[in-house]
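Chemist: Each chain is listed here by its residues.
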Amino acid sequence: MSDQVSQAEKLLKTFPAEKSHLIHFLHLVQQELGFIPEGILPRAARHFSVSPSEIFGVVTFYSAFKLAPGCAHEIIVCKGTACHVRGAEAIISEFSRLLGIKPGEENTEKSVSLKSVNCLGCCAIGPVAVVDGEYQAKVDLKWVRSFVAEHLEKDDEQ
Amino acid sequence: MNSKRFKTLKELEAYRSSLHEFYDFEHLVSVSAASCGRASGALKIASEFEKLLKEYKLTGRVILKLTGCHGFCQFEPDIIIFPEKYFYPNLKPEQIPMIVKETLLGGRMVEELAFKDELTGQLCLTVDDLPFYRKQFRRLTHIHLKLDPSSLDDYLHDNGFKAAATVLGGAGPGEVINLISASNLRGRGGAGFPTGLKWRLSREVKADKKYIICNGDEGDPGAYMDRGLLESNPFSVIEGLIIGGYAVGAEKGFVYVRQEYPLAIERIQQAIEKSRAAGFVGKDILGSGFSFDLELVRGAGAFISGEETALVASVEGRRAFPVQRPPFPVVSGLWGKPTVINNVETWANVPLIILNGPVWFSKVGTEKSKGTKIFSLVGQVRYTGLVEVPFGITLDEVINQVGGGLKEGRKFKAVQTGGPSGGCLPASLLNLPVDYESLNQAGSIMGSGGMIVMDESTCLVDLALYFLNFASQESCGKCAPCRLGTRQMVRILKKISNGEGELSDLGRLEKLGWTMQKGSLCGLGRTAANPVLSALRYFRSEFESHIVDKTCPAMVCQKLIAYEIDPERCSGCLACVEACPYGAISQESGNFPVINKELCGGCGICFSVCPAQFSAIKKVSRKGLIMEEKKLEGISR
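Just so you know, the sequences run in chain order A and B. Counting along the first sequence from 1, when you hit position 123 you're at 123 in our numbering, and nothing is skipped either side. Counting along the second sequence from 1, when you hit position 498 you're at 498 in our numbering, and nothing is skipped either side.
Derived from the structure by calculation, the hints contain no laboratory data. Predicted model only: the values in this text are computed from it and were never measured. Hints may contain errors.
[What the hints assert, rightly or not] Derived BS3-like pairs (lysine-lysine); straight-line CA-CA distance at most 25 Å: (1) A:138 <-> B:407; (2) A:115 <-> A:102; (3) B:411 <-> A:138; (4) A:142 <-> B:337; (5) A:102 <-> B:209; (6) B:92 <-> A:138; (7) B:92 <-> A:102; (8) B:101 <-> A:138; (9) A:19 <-> B:478; (10) A:142 <-> B:209; (11) B:494 <-> A:115; (12) B:478 <-> A:66; (13) B:407 <-> A:19; (14) B:44 <-> B:116; (15) A:142 <-> B:619; (16) A:142 <-> A:115; (17) B:597 <-> A:19; (18) B:618 <-> A:138; (19) B:337 <-> A:138; (20) B:209 <-> A:138; (21) A:142 <-> B:44; (22) A:102 <-> B:44; (23) A:19 <-> B:162; (24) B:206 <-> A:142; (25) B:407 <-> A:142.
The task is simple: from the sequences and hints, build the whole structure.
Modeler: Laid out in structure tokens, this is it:
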């Protein structure tokens, strides 16, 4: 059993055996480990008295859950309607181009992932991006470029 | 700071009156610090103030508060200084010392930092001077200007939990439902179902257990009213839930918040814990014998969770799949028990109705839509933010008076309401009053309150494609009309956007849309075609241009446009040459750069990097270019 599965199992034991706690449990595992190790799913299924297929269904249905470890850095670009009409697509494609990945993919070399999200609810200050949890207001292509340049430089130094 | 557990109404009121002395201050500095404020640097402004208040020994005399959303999100970080209500927009940390010296010590407004109305050029010193605020009617949100959402004391000071205490102290559940019914409060989540009736239906069902849910799965892109409320005044939502729980006879409630709103989750979680510690949530609330517990449930990134039967599934720990209604959740919801589900804004209205009475509540609004509604006024409008207006106000008043019209030099094209379930309304309908029925008749919906203003630079084909892409990605896949219909619509719209459409496609879109409206299982599918159908109703010619002329009048659809450099305007800075991802722009020695149309991918990056003072890159219709190339070919032959 991997470390991560045993860590997740420790969390599992703190949860009441009711199915309504399943999603909360998955959130917590992901918060602690950065992803949900697949090995925990059969155990969680037993704990919450659901079939393994049902729990797998829940994990893959909701876009918030990840079954593989993520990258060190995460770039999220909002493509809500307000951001869309203010040019969010261009922001996404510029990130795509500079990082060589499509939204939803990872650049493992630079350990950075690019994601688009439907709406962050910061519509008045769009287009909005979130970099490693920090919200960035009114971003433009210039910002994208300088951000990526800085990020790459830092990586080169390391 | 309150650490008391209130056991009786009397204890609560005694504590409330003891609070007044703590609210005696020379100045209150209120920093707008909801998610959008923080994204704009509000926390840096706050810490600068904190430092300077200590330095000038003003701590104690001046109160610094991190509030929720002031609503004028575009000009964040902003602060309001009470009691004068001086408004400072778009602050930078280096401006704070001047404000401390001039305003906090000297009592004067720093006029050069004041808000200048772009329309009239007038200086607006106080919040009340700002046209953006003056034209609103802020019943729910006025308190957001000075309430610390993490402080129970703040909420209590503002008559917090008075409505719940009154209800628990004497009114019967039936009486509460009568009050809500008399106010004509309707669901703020979009459908506009009468709240009092919903509660009554649930009350009348015999069951051993009942539940209530606060639906904070605000998924409509372009709408953030619920985030604003949860981040700015979470206790009011909790108080609404307590009253609702008492009225329908539920002992357990859930607050469901989408996971994309981390600050809202933090705030509501904190507020639930504080309410529990103070005895507003839990066993035997205020000695009334009524027990009510609340639990926060985090969404997990599925738009469909906002649909009420899907929401029920999600709270139960399952995939958010909707089911056929009836039975409606009011009869059979969570674990088969009667469940009342209302939107965040609906719950926030409840304490106000109890405190002020249904007559007060229904004083504003139209015949069928009473009270106020919060909208997120965003897009290409001059002033963007969260605005609260009475029902019955016209779209024109919201956009042109509150929002200050469109940005300089831009022309109004459409306003989108109701998110992916709504529609686009043209300029000819700007006099439409904003209420549930009028918007429905016009082919859009009220929705949860997104209002996205678009100018001539928005292409309605592209926008329809955007919404259908959204709907097809978020369709849960359970029923065929929605699962297949949204995908087919995306395919057809892509074809049109690429200039490969046929006129018969428009009829196909309408037929598909009709089938989806009639045949889909839940609200998502039934309304998913609205953005396309309304666009076809009001902007058909734009679709025809794409199909017949192969041009995109708004110059948005990538396959139909190309870029050119105007040598008259080009300064030769070469920003575009560097930026072009396709290497399509080159510069022969001594000449201005030229775009090689064969290499150009149409991404438009050159267009956006060209410095504004030159604006040398033009969008042109690719059709013209293709024709020209063909002509040239003909000549050379």
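Chemist: Each hint should be assessed against the structure and marked as holding or not.
Modeler: Hint check results:
| no. | hint | result |
| --- | --- | --- |
| 1 | A:138 <-> B:407 | holds (16 Å) |
| 2 | A:115 <-> A:102 | holds (8 Å) |
| 3 | B:411 <-> A:138 | holds (22 Å) |
| 4 | A:142 <-> B:337 | violated (54 Å) |
| 5 | A:102 <-> B:209 | violated (48 Å) |
| 6 | B:92 <-> A:138 | holds (16 Å) |
| 7 | B:92 <-> A:102 | violated (35 Å) |
| 8 | B:101 <-> A:138 | violated (31 Å) |
| 9 | A:19 <-> B:478 | holds (22 Å) |
| 10 | A:142 <-> B:209 | violated (57 Å) |
| 11 | B:494 <-> A:115 | holds (22 Å) |
| 12 | B:478 <-> A:66 | holds (23 Å) |
| 13 | B:407 <-> A:19 | violated (51 Å) |
| 14 | B:44 <-> B:116 | holds (23 Å) |
| 15 | A:142 <-> B:619 | holds (20 Å) |
| 16 | A:142 <-> A:115 | holds (19 Å) |
| 17 | B:597 <-> A:19 | violated (58 Å) |
| 18 | B:618 <-> A:138 | holds (23 Å) |
| 19 | B:337 <-> A:138 | violated (46 Å) |
| 20 | B:209 <-> A:138 | violated (48 Å) |
| 21 | A:142 <-> B:44 | holds (23 Å) |
| 22 | A:102 <-> B:44 | violated (34 Å) |
| 23 | A:19 <-> B:162 | violated (36 Å) |
| 24 | B:206 <-> A:142 | violated (62 Å) |
| 25 | B:407 <-> A:142 | holds (22 Å) |
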